[in-house]
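*Asks:* So you can see what is in the structure, the chains are spelled out below.
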Amino acid sequence: MSGGAHEPAAGLKLYHPPMSLWWWLERRAYFKIVVRELTSLFVGAFAVVTLLQIRAVGDGPEPYAAFAAMLGSPAFITFSVVAFLAVLFHALTWFPLVPTTIVLRVGEQRVPGNIIAGAHFAGWLIVSVVVAYILLRG
Amino acid sequence: MAETLRLEVSRYRPEEDSEPTLQSYDVLLDALNHVKNEIDGSLTFRWSCRMGVCGSCGMMANGEPKLTCAVPLTDYDPAQPIRIEPLQFFPVVRDLVIDMSSFLEKLSNVKPWIIRDDVEATEAVEFKQTPAELDAYKQFSMCINCMLCYSACPVIGLEPEFSGPAAIALAQRYNLDSRDKGKEERMDVLDAHEGLWGCTYFGECTKVCPKNVDPAGAIQLYKMASATDYLKSLLLPWGSK
Amino acid sequence: MATYSCDLLIVGGGGAGLRASIAAAEARPDLDVAVVSKVYPMRSHTVAAEGGAAAVIKDTDSLEAHAYDTVSGADWLCDQDVVEAFVNEAPREMVQLEHWGCPWSREPDGSVAVRPFGGMKVSRTWFAADKTGFHMLHSLFQTSLKYKSVKRYDEWFVTRLLVDDGRCAGVVAVEIATGEIHSIMAKAVILCTGGCGKIFPFTTNANIKNGDGMALAYRAGAPLKDMEFVQYHPTGLPATGILITEATRAEGGWLVNKDGYRYLQDYALGTPEPKPVHRTMELGPRDRLSQAFIKEQERGRTLEGPYGHYVNLDIRHIGEAVIDKKLPFVRELCLKYANLDPVHEVIPVRPVVHYIMGGVHTDIHGATPIAGLYAAGEVACVSLNGANRLGSNSLTECLVFGARAGLAAAEFVDGAAPAGAAIEAQARDEEQRLRALMAKTDGTERIADLRSEMQSTMEESAGIYRAGDTLAAGGETLGRLRQHARHLKLEDRSSTFNTEFISALELDYMLELAEVILRSAVERTESRGAHQRIDFPARDDDKFLAHSLAYRADDGSARIEYLPVTITQWPPGARVYGKQ
Ligand SMILES: Cc1cc2nc3c(=O)[nH]c(=O)nc-3n(C[C@H](O)[C@H](O)[C@H](O)COP(=O)(O)OP(=O)(O)OC[C@H]3O[C@@H](n4cnc5c(N)ncnc54)[C@H](O)[C@@H]3O)c2cc1C
Ligand code: FES
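Residue numbers (numbering that gives the first Met the number 0), protein chains in the order written: chain R, 0 to 137; chain D, 0 to 240; chain P, 0 to 579.
Check before you lean on any hint, since a few could be wrong.
[To be verified] Selected chain P positions facing chain D (Cβ under 10 Å, derived; list incomplete):
(1) 239
(2) 425
(3) 531
[Stated by the list, open to error] Quick list of the computed label-pair ranges, beta carbon to beta carbon:
(4) P:257 to D:38: 22 to 28 Å
(5) P:410 to D:123: 20 to 26 Å
(6) D:117 to P:87: 24 to 30 Å
Derived by calculation from the structure, the hints in this document are not laboratory data.
None of the values given here were measured: they were computed from a predicted structure.
Backbone N, C-alpha and C fix where the C-beta goes; we use that ideal spot for every residue, glycine too.
With the rest of the complex left out, here is chain R (with noise of 0.2 Å):
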């Protein structure tokens, strides 16, 4: 033996399964997951893109109207539309996994995850009608 049970015992002729490269198609699971996380990079992308415009605001009204203009050609509206259904996705399969990370207590009773995770979806609901509503309303 060698050096306590911690470590294969000396001497096995141990097989290690290869992973492949495309371990991640192999499973419906963590084909989602990976996509999921594939995700983030429209969810950053979109950050990016607003803070831009917030820079393109400082800049002055002409900077402004280029920017909108961009954000009006074709090609970024193709891209508007991928990234939306991306960072949808993404909330779509995030929050039903929030409530692990949130322990809320009644009294003895811990607060069942589909209410956390509902509460997470009301949120979102409520804070989108608010911003349709500030957009639509002129």
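Please arrange chains D and P with the ligands on chain R, whose structure you already have, making use of the hints.
*Replies:* Structure of chains D and P with the ligands alone, referenced to chain R:
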């Protein structure tokens, strides 16, 4: 009872094979033992309690990590063979037997025992613990060390050094125990890349856990605690601890 | 053959073995302690214990009451000095385990909760829902990880005790993963290898419970005590033998026959009440309940299913909330292994082999007659359980006598002389025996066939009720099986993780013990506790208020002697259950 099923069992014979091969058997219900007892005494797997509590008998069944003594074969379509393989992401010793020594190392690293220095003084009486305090960690104490969660976690496959779901859940079990005072000691071990932060939250560990331990939850709670500590130490001049 | 050495070697990583290792490591941090176990310690069958562990903790209780319950439960075949030491030390051990983190169920004020248990006059059984053994084992195992002086040899299988000149100086073991044969020298050895339920066909015991340690000690010259006393638990699931814990009845479950009638009232166990009453009806001792089942079956009042006769255990009136809080594992087991929900349906049950009261003869410190060899837990017979163990005494026994053996053995280490050359020669002999067995290719007998024939023979001849002629017939069959077992057919030629080879060694142990059980049962011509002879239905204190001691004779047969029981405070009396 006399239904016939077909099993496909992954065999790995270290003396003869360089990698596992597949053999097929026609068997009755208590499938693997039937094969071992009546057909081929050399088929190798671990089992003991046959009641889902000792944690010995984890294997991949049709690509899913399962506690084989706790899954009725009636769950499977008798027309299709069931493919049995050793738990994935572990080195294989033989046939369906994996090498799990790395887990024991990871487990002892997180100090899974009550840490406090005043035990002597109170030796004669029990520490009080209310049912609510018990509930705070009870779920995480249900782990049977069956290794299904490791075998569901691709991070283990990619980064074998990662502490992994069960070990972190057990660390959390002690952190949340009102009798324990060892949280900081454990955080020193786990607040590392191969500790907590290896987890990218696939959440599959929780789905496959046969005892509803929710290791993914334990890890996320742990990350929150670590991040809060960090933020506090960053923002508040008088520190976190 | 590699040779390892340590000061103190513990064979077995269940409740008893782990407790012994911690006791030794705490008392003597300077000693090298080794724990050898054929499975990873947390797989040991202590993990399966459900109901609880007894120790006096509440003001309403007393040590005297616990002792009396144990003595009367044992049908007076226990040593009363041992019982006194046990009840005295039990509370401290249980609190110790609480300090090590065992998640005991609690009262609202935070103190430890207790539940009633069979044959106990007062509620004194500590529990962690209905997974007590699981939590105890994992708490002990995880705690043991902190002692750096304890070295583990996981998945090593001990095949022989090395004994020279009446002193035990180590073991020979197979490292299962590699098939290598090693010797481990030690100044003292503690056997904590658990029970032997697998000698019987229908048992609550795991695959690994083959009585290894009993056979090892017996072959090394130590006597086996009270081996005729095999406990049938009244409530096992018919198809698998999976245990439905006594805690179901402690929480208020009823045993009913095919007419829905609580039949225990017909067997001197008191009158039925809606709520559980201590030492009454469903909370009587296990031997009496299992015997009542057989009588009920003879009267034609049990039900019959594909796995034989059964009765029903009804816990529906307890309600879902209590079941989920206190008996969640029972519900899980019923759903998974009986395909029914006990919240809405009755549970079919029948008596099932559960525990062996007998074992390696030890004194009150766990010492066997072989110097340097100790034993604790189910493998040992320290004479706490006598003719019938009370439920929830044995987990506590693992703690109390595990700790005692650990301390006594650690003390023995100091005076122990180094092992002589004879020990090394023995180790080499054993290596040769094992190699020869591994290399054998001409065998014809399947392990599984011999095993199941042995099991059914034991059930038929040494079941709940026994008789001289069936015991004798069983003995003959066993003799034949032992002949056949010399020609085992081994198909597995690999040295890596060869479980077939291990099974062959286990079968060999079990066959030897089966014969000891039969021999001891033949010689005890009386009925007491779990040993019921239909040809000798009365208890005979004049002749048999004594432990049987089985010694292995040179020809391999068992020779039985008797040793009087120790009585301190409680002279033999009648066992009275039901309202007194
Ligand atoms: C289903 C069930 C429920 C029970 N419920 C209760 C209860 O509620 N309350 C109660 O008090 N009692 C209960 N009991 C009884 C009690 O659990 C056991 O008697 C006790 O756990 C035995 O512990 P042990 O340490 O002696 O042996 P085990 O836990 O069986 O451990 C034996 C150890 O020895 C090792 N070993 C064996 N042979 C070898 C070998 N040849 N080489 C190396 N290592 C070896 C094994 O690997 C293992 O580690 C129950 C028993 C069963 C079966
Ligand atoms: S054999 Fe124990 S968990 Fe399956």
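*Asks:* Would you mind marking each hint as holding or not holding in the structure?
*Replies:* Status of the hints after comparison with the structure:
no.: 1; hint: 239; in the structure: holds (7 Å)
no.: 2; hint: 425; in the structure: violated (30 Å)
no.: 3; hint: 531; in the structure: violated (28 Å)
no.: 4; hint: P:257 to D:38: 22 to 28 Å; in the structure: violated (39 Å)
no.: 5; hint: P:410 to D:123: 20 to 26 Å; in the structure: holds (24 Å)
no.: 6; hint: D:117 to P:87: 24 to 30 Å; in the structure: holds (25 Å)
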